[in-house]
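Q: Residue numbers (the numbering used here), protein chains in the order written: chain A, 1 to 403; chain D, 1 to 299.
A couple of the hints might just be wrong.
Stated by the list, open to error - Far from chain D, by Cβ distances over 10 Å, these chain A residues were calculated:
no., residue
1, Leu9
2, Arg20
3, Thr28
4, Thr37
5, Leu41
6, Ala145
7, Val168
8, Val216
9, Val221
10, Ala222
11, Pro300
12, Trp358
13, Leu363
14, Leu388
What the hints assert, rightly or not - Chain D regions said to be covered by chain A (calculated; three or more residues, Cβ under 8 Å):
no., region
15, 81–89
16, 96–107
These are computed hints drawn from the structure, not numbers from a lab. Built from N, CA and C at the ideal position, the CB exists for glycine as well.
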Amino acid sequence: MNAPRTVWLIATREVRQRLRSRLFVGATVILSVLLTTLASLPAVLGVFDPAGPSEGPDDEEVETLRLGVIGELTGTDRAVVEAAVGAVEVVPLSDVEAARAALEATGPERVTAVVVPGERVLTAPSPSLFDLGPAAAGRIGEALALAELLDADPDRVGEVLARPSLPVEQVGEVAPAEAQARLAIAYVGVAFLFAVLIMYASMIINGVIEEKGSRVVELLVATVPVRWLMTGKLLGLGIVGFLQTLTLFTPALLVLVVTAGDRIPAGVGGLGVAIAGWFVVGYALYAVIAAGLGSLVSRPEEAQAVLTPANVLMIGGYLVGFLAINVPTSAFAVAASFVPFSAPYAMLVRQTLADPAWWEVALSALLTLGTAAALTVVAARIYEGGILRTGARVRLSEAWRAG
Amino acid sequence: MLVLDQLERSFGGVVALAGLDLRVAPGELCGFVGPNGAGKTTAMRCAVGVTTPDAGTVTWDGAVIDLERRRRIGYMPEERGLYPRMPVLEQLVYLARLHGLSAAAAAANAAAWIERLGLADRADSAVEELSLGNQQRVQLAAALVHDPALPLLGEPVSGLDPLAVDVMAEVLLERARAGVAVVFSSHQLELVEGLCETVAVVNAGRVVLRGDVRSLQRTGDRRLRVEVAGHAMWWTSLPPGTEVVARRDGEVTVALADGVDPAEVIAVARRAGALLHVRLEQPRLSELFRDAVDQRVGR
Numbered sequence: 001m002n003a004p005r006t007v008w009l010i011a012t013r014e015v016r017q018r019l020r021s022r023l024f025v026g027a028t029v030i031l032s033v034l035l036t037t038l039a040s041l042p043a044v045l046g047v048f049d050p051a052g053p054s055e056g057p058d059d060e061e062v063e064t065l066r067l068g069v070i071g072e073l074t075g076t077d078r079a080v081v082e083a084a085v086g087a088v089e090v091v092p093l094s095d096v097e098a099a100r101a102a103l104e105a106t107g108p109e110r111v112t113a114v115v116v117p118g119e120r121v122l123t124a125p126s127p128s129l130f131d132l133g134p135a136a137a138g139r140i141g142e143a144l145a146l147a148e149l150l151d152a153d154p155d156r157v158g159e160v161l162a163r164p165s166l167p168v169e170q171v172g173e174v175a176p177a178e179a180q181a182r183l184a185i186a187y188v189g190v191a192f193l194f195a196v197l198i199m200y201a202s203m204i205i206n207g208v209i210e211e212k213g214s215r216v217v218e219l220l221v222a223t224v225p226v227r228w229l230m231t232g233k234l235l236g237l238g239i240v241g242f243l244q245t246l247t248l249f250t251p252a253l254l255v256l257v258v259t260a261g262d263r264i265p266a267g268v269g270g271l272g273v274a275i276a277g278w279f280v281v282g283y284a285l286y287a288v289i290a291a292g293l294g295s296l297v298s299r300p301e302e303a304q305a306v307l308t309p310a311n312v313l314m315i316g317g318y319l320v321g322f323l324a325i326n327v328p329t330s331a332f333a334v335a336a337s338f339v340p341f342s343a344p345y346a347m348l349v350r351q352t353l354a355d356p357a358w359w360e361v362a363l364s365a366l367l368t369l370g371t372a373a374a375l376t377v378v379a380a381r382i383y384e385g386g387i388l389r390t391g392a393r394v395r396l397s398e399a400w401r402a403g
Numbered sequence: 001m002l003v004l005d006q007l008e009r010s011f012g013g014v015v016a017l018a019g020l021d022l023r024v025a026p027g028e029l030c031g032f033v034g035p036n037g038a039g040k041t042t043a044m045r046c047a048v049g050v051t052t053p054d055a056g057t058v059t060w061d062g063a064v065i066d067l068e069r070r071r072r073i074g075y076m077p078e079e080r081g082l083y084p085r086m087p088v089l090e091q092l093v094y095l096a097r098l099h100g101l102s103a104a105a106a107a108a109n110a111a112a113w114i115e116r117l118g119l120a121d122r123a124d125s126a127v128e129e130l131s132l133g134n135q136q137r138v139q140l141a142a143a144l145v146h147d148p149a150l151p152l153l154g155e156p157v158s159g160l161d162p163l164a165v166d167v168m169a170e171v172l173l174e175r176a177r178a179g180v181a182v183v184f185s186s187h188q189l190e191l192v193e194g195l196c197e198t199v200a201v202v203n204a205g206r207v208v209l210r211g212d213v214r215s216l217q218r219t220g221d222r223r224l225r226v227e228v229a230g231h232a233m234w235w236t237s238l239p240p241g242t243e244v245v246a247r248r249d250g251e252v253t254v255a256l257a258d259g260v261d262p263a264e265v266i267a268v269a270r271r272a273g274a275l276l277h278v279r280l281e282q283p284r285l286s287e288l289f290r291d292a293v294d295q296r297v298g299r
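Chain A extracted, bound-state conformation:
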């Protein structure tokens, strides 16, 4: 029997063994139900209803808002706007180009919205989840329509009432709803990636310890090369991970699409594929590390201690990715997206928020997979040296020499 068939045989055994565990299947189903329930909560509570509780001005104290104006803002206009969004600092701007520059600026020159009196309100893509720009622009539009009503000639009241808000217009390429959705995806994607990588690293180490602890491994290595054994195990657990992730999230996503499909902007779906892709790449990298380390110990209680180096790398990568969300176009984010241990997180963030070139994504994935392949050789040698030594924990150097 050749290598691929043997590896596949080993992998399918791993899959069957996990699926046989009632605890594993039960926990997955319960989690899936929980997630689906969470996903349907907004629809049930009416959060998506336009007249629902999420609308209406909030009473939070707002800092002085920089408001760009092309043309003149009347006293009434300003009074009504300030009544709606708090104190504003008026920044005169010459034309739409200047408005765009001011809206897209970072730092203190930035304006939250630009008013073209009597015409429209301009705003910019939201730079962060906590930015109030788009929401403020909507309220400013409503306020200006109201101001127009106050100044209006009684003959025009009907016309003004028919238009309860000045149109709010997006300057720049990303629609605010999509920007919000992308930010949410970046946060959720990075956190999700971290959670599943940690979970499957732990599952791998326990799988290795099970074979070592029950000593069945001696029978196995007498029959198949250790490398095949390791590859089959990692492949099998990877398939389990993929199936479990699908089971966990598909029902919840379906519920979201059905209840709020119109709110999910186009183009966001492709990011789901990116998350799945980076899960595969990140799994390949961290799985070989976990397998190599797992072969050093024989008892489950030692698993977490020996896994520490892998955990440090995973947590480090996660933190780097999390930081990159705030500065997705910075040199830091770009560099991090090519360092194998942070690449799955950082490149996912860039793909979500900064639109890197396709070759950058491909290069980053290749670098990470190349590192995984190089580490496979190291891990397989440690695995070979460690897997037959039951009892006390094996030192890394001993396993290396014995491998």
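Add chain D to chain A, keeping to what the hints say.
A: Frame of chain A, contents of chain D only:
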């Protein structure tokens, strides 16, 4: 022909194999015995490729044991181990397929072995739910399920009840008669004596005694067992070439080197008192074993 040639292996300064040589011919049922720590397990591990020797080679029919050949070995590790949560039948099918059998052949063989070893009603139980003895039976089945061309069994009888031992003995003889070389290690020397044609005694990493069990018994020091009435310590003045190797319930066992006349010893005993019984025997395997491994005997 399985050939272990000048195997050497040490683990951090502890020598496990110190130039071990062993040849096992097709159709030979070879008992592999030795005290604890003699190197039996390491030698077997080298043969299946689980351990790499520091020096020396392992060949089978003149070729290095590659993957294809390893698949045809039926290995039963002395350190027992199976997947605890995997059902018996499924586990045997899996192991048979890992050894290269097709799915259908693996299923047929696994079912046949389960039947033969009396595990039919436990086929779908997880291994961890079985009694220790039944787990041992499964372990034996795991070593034989792919019809190995070279069974290498570490302590296959330990933990087995007499019925299972009978089945195992029958199976091993059957394999040997079919022209297969069978090696099994055991501490149960009576079993090895009754079952094996040949034996290899290992001590301190070397084979110290090797050959046909019957001819070894012929060439080994004969044993004279004598019991004399009374309490005289007659055995303290024996002729040269003799040695007292056991005393039990008044019976004294004397090993006689080549050329020593038993009558000389009997004469000494008679002077001490009436002879209750006298028996001249070939040595038992356990006695040959002790002679071979006992440093004081100087072999």
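Q: Please settle this one: Leu41/A was flagged as non-interface, so is its CB more than 10 Å from every CB on chain D?
A: Holds, since 38 Å exceeds 10 Å.
Q: Could you check that no beta carbon of chain D comes within 10 Å of the beta carbon of Thr37/A?
A: holds, 31 Å
Q: Does Thr28/A really sit off the interface, with its C-beta more than 10 Å from all C-beta atoms of chain D?
A: holds, 18 Å
Q: Please check whether the beta-carbon of Val221/A is more than 10 Å away from every beta-carbon in chain D.
A: Contrary to the label, Val221/A does not stay out of reach of chain D, its closest Cβ about 5 Å off (not over 10 Å).
Q: Please settle this one: Arg20/A was flagged as non-interface, so is its CB more than 10 Å from every CB on chain D?
A: violated, 7 Å
Q: Can we trust that Leu363/A is non-interface, i.e. its beta-carbon lies farther than 10 Å from all of chain D?
A: holds, 37 Å
Q: Going by Cβ atoms, does Val216/A stay more than 10 Å from chain D at every point?
A: Since the minimum Cβ distance to chain D is about 4 Å, Val216/A lies within 10 Å and the statement is violated.
Q: Please check whether the beta-carbon of Pro300/A is more than 10 Å away from every beta-carbon in chain D.
A: holds, 13 Å
Q: Examine the region 96–107 of chain D: at least three residues should have C-beta closer than 8 Å to a C-beta of chain A.
A: holds (count 4)
Q: Is the nearest CB of chain D more than 10 Å from the CB of Ala222/A?
A: violated, 4 Å
Q: Beyond 10 Å from every chain D Cβ: check whether that's true for Val168/A.
A: holds, 61 Å
Q: Quick one: see if chain A covers the region 81–89 of chain D, three-plus residues with Cβ-Cβ under 8 Å.
A: With 6 residues closer than 8 Å to chain A, the region 81–89 of chain D meets the three-residue bar; holds.
Hints 1, 2, 8, 9, 10, 14, counting from the list given before, are not met by this structure.
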